[in-house]
Amino acid sequence: METKIHEIINLILINRKKNKVDEISNEHHLRDYLNLDSLDLAELTVRIENEFGIDVFEDGIVETVGEIIEKLKKNE
Amino acid sequence: MNNIFYTELNKILVTYNDLIIDINKQISYLFISRSSDYYLTFRNIIISLINNTEIIIIDSDLSDIEIKSLNIQEDDINKKINCTFNKIKDEKDLLERIKNANNWSLTIYTSGTTGVPKKVTHTFLSLTKAVKVDNNKSDDIWGFAYNPTHIAGIQVFFQALLNLNQIVRLFQISNNDIYSSINNYQITNISATPTYYRLLVNKSEIFTSVKRLTFGGEVFDENLISPLQIMFPNAKILNIYASTEIGTLFISHCDEFTVQEELKNKIKIINGELYVLRNILGKLEGNDNNDEWYKTNDKVEILSNEPLKIKFVGRINETINVGGYKVFPVEIEKIINNIPGVRNCVVYGKKNSVMGNLICCDIEKESEELNEELIFNFLKSKLQPYKIPRIIKFVSTIKTTRTGKVTRL
Numbered sequence: 000m001e002t003k004i005h006e007i008i009n010l011i012l013i014n015r016k017k018n019k020v021d022e023i024s025n026e027h028h029l030r031d032y033l034n035l036d037s038l039d040l041a042e043l044t045v046r047i048e049n050e051f052g053i054d055v056f057e058d059g060i061v062e063t064v065g066e067i068i069e070k071l072k073k074n075e
Numbered sequence: 000m001n002n003i004f005y006t007e008l009n010k011i012l013v014t015y016n017d018l019i020i021d022i023n024k025q026i027s028y029l030f031i032s033r034s035s036d037y038y039l040t041f042r043n044i045i046i047s048l049i050n051n052t053e054i055i056i057i058d059s060d061l062s063d064i065e066i067k068s069l070n071i072q073e074d075d076i077n078k079k080i081n082c083t084f085n086k087i088k089d090e091k092d093l094l095e096r097i098k099n100a101n102n103w104s105l106t107i108y109t110s111g112t113t114g115v116p117k118k119v120t121h122t123f124l125s126l127t128k129a130v131k132v133d134n135n136k137s138d139d140i141w142g143f144a145y146n147p148t149h150i151a152g153i154q155v156f157f158q159a160l161l162n163l164n165q166i167v168r169l170f171q172i173s174n175n176d177i178y179s180s181i182n183n184y185q186i187t188n189i190s191a192t193p194t195y196y197r198l199l200v201n202k203s204e205i206f207t208s209v210k211r212l213t214f215g216g217e218v219f220d221e222n223l224i225s226p227l228q229i230m231f232p233n234a235k236i237l238n239i240y241a242s243t244e245i246g247t248l249f250i251s252h253c254d255e256f257t258v259q260e261e262l263k264n265k266i267k268i269i270n271g272e273l274y275v276l277r278n279i280l281g282k283l284e285g286n287d288n289n290d291e292w293y294k295t296n297d298k299v300e301i302l303s304n305e306p307l308k309i310k311f312v313g314r315i316n317e318t319i320n321v322g323g324y325k326v327f328p329v330e331i332e333k334i335i336n337n338i339p340g341v342r343n344c345v346v347y348g349k350k351n352s353v354m355g356n357l358i359c360c361d362i363e364k365e366s367e368e369l370n371e372e373l374i375f376n377f378l379k380s381k382l383q384p385y386k387i388p389r390i391i392k393f394v395s396t397i398k399t400t401r402t403g404k405v406t407r408l
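The listed protein sequences derive, respectively, from chains A and B.
Residue 25 in numbering that gives the first Met the number 0 sits at position 26 of the first sequence, and the numbers go up by one each step.
Residue 220 in numbering that gives the first Met the number 0 sits at position 221 of the second sequence, and the numbers go up by one each step.
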């Protein structure tokens with residue numbers, strides 16, 4: 000699951016011509032570190048929902064990669 | 000004289016004489032016509048006209064659940080109406096009787112953009128107000144490119160019938176059959192949706208018999224004009240604004256509609272939305288209030304006031320809200336359809352909790368080289384970021400509705 004999330008984030012970064020990140024860690028901040036804007040985050044949530052059937056931003060914006068993983072694990 | 004009434008390539012050929020003989024033989028017709036056979040649908044409409052009684056037309060492929068949602072009484076489903084008319088003598092008699100069908104009504108259902116089907120009942124007058132009968136139209140041959148249960152199809156049917164023209168089926172058949180039909184029957188007029196034309200365009204085919212192409216059903220797509228003009232070099236291209244409730248209201252040469260004097264006091268534009276005086280509509284049923292002005296949900300832009308020129312920019316409830324920005328899918332579709340290698344596309348919003356909606360797009364491509372990256376790069380300079388589809392899916396065929404419009408998910 001973690002690998003998949005990392006893949007999705009990199010896909011968004013590449014598509015937007017933003018710098019791809021070789022190693023994504025759970026501590027990485029989605030906006031500040033990975034430089035995702037609101038449209039990127041909207042895309043992220045839709046892609047994650049398509050893959051796992053869960054809207055990770057449903058109850059408020061999540062800040063880090065780890066928080067996404069946590070939410071998905073909780074719903075497993 | 001033995002005019003042809005209806006043809007399907009290599010399958011059916013019915014003359015007006017055959018039609019009259021067939022109608023004269025009938026002792027009843029189904030109150031709710033639900034046939035997938037175009038000829039039978041047309042014949043049943045004509046029988047009800049001659050009988051001067053009601054008819055309802057619904058799609059043949061509706062499920063029982065869908066029929067229930069139309070609020071049709073169970074007793075009515077197989078109800079037959081007895082034919083009480085005297086035998087029709089000839090074509091002239093047929094037309095006379097049709098024109099005198101004062102008690103006749105035809106009911107159809109709109110798909111309704113909110114998902115709730117709306118019942119609309121038309122009279123002969125409300126359906127034929129835009130029909131032109133003229134001697135110079137007597138040789139017209141109509142390519143029929145709509146579903147017969149759709150208002151646009153019914154209008155084409157009446158335009159052809161009242162001029163005793165030939166109708167050739169061009170809907171829901173393969174492109175090769177469409178091309179052969181146009182050539183074999185020397186079709187002169189085609190009316191269809193932009194989506195239909197988009198899928199028809201083929202650079203290697205040229206048809207000289209067609210003298211008029213009409214656009215209806217969806218917002219006009221000017222990108223189609225030049226490829227269609229090459230394919231149909233002798234055709235004049237017209238655009239029609241019509242709806243299930245109103246029938247045909249405006250006709251223009253492009254996407255600009257000049258409002259005729261006689262219509263000026265029958266329409267008004269409030270906050271960019273078109274309103275139409277109720278007495279020119281068919282009868283509506285349901286939660287519709289009965290205000291004097293009918294709200295069309297069509298967004299228009301005023302191009303000039305004297306004379307009044309307007310342009311349709313989309314449906315009000317078809318806007319997608321992306322983080323407070325309103326997006327018209329039609330606007331984006333037009334641009335994407337202009338990318339080399341794109342055959343057709345549909346833009347829709349995907350719900351999400353970050354921005355309400357995210358713009359997504361399904362694309363039918365005709366070139367293998369086309370990929371997401373090329374599309375993003377093309378769109379970057381043409382659209383604001385929130386309008387650019389973020390998720391692009393390549394599909395083998397874009398789903399269209401029964402009426403040939405693209406289906407937004």
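It is possible that some hints are incorrect.
Residues from chain A shown here face chain B by an in silico Cβ test under 7 Å; the list is partial [to be verified]:
1) Ser24
2) Glu26
3) Thr44
4) Phe51
Using C-beta positions, here's what the derived DEER-type ranges look like [as the list claims (entries may be wrong)]:
5) B:Asp74 <-> A:Glu69: 54 to 60 Å
6) B:Asn264 <-> A:Asp36: 47 to 53 Å
7) A:Ser24 <-> B:Gln171: 53 to 59 Å
8) B:Gln383 <-> A:Glu62: 23 to 29 Å
9) A:Lys17 <-> B:Asn222: 27 to 33 Å
A few chain B residues that don't get close to chain A, going by computed Cβ distances all over 10 Å [to be verified]:
10) Lys24
11) Thr109
12) Gln171
13) Leu227
14) Lys294
15) Lys349
16) Asn351
17) Ser352
18) Val353
19) Glu367
20) Glu371
21) Glu372
22) Arg389
23) Val394
FYI, nobody ran anything at the bench for these hints, they're computed from the structure.
Keep in mind that this is a model prediction, so the values were computed, not measured.
Even for Gly, the Cβ is constructed at its ideal location relative to N, Cα and C.
So, against the hints stated earlier in the document, which numbers end up violated here? 1, 2, 4, 15, 16, 17, 18, 20, 21 and 22
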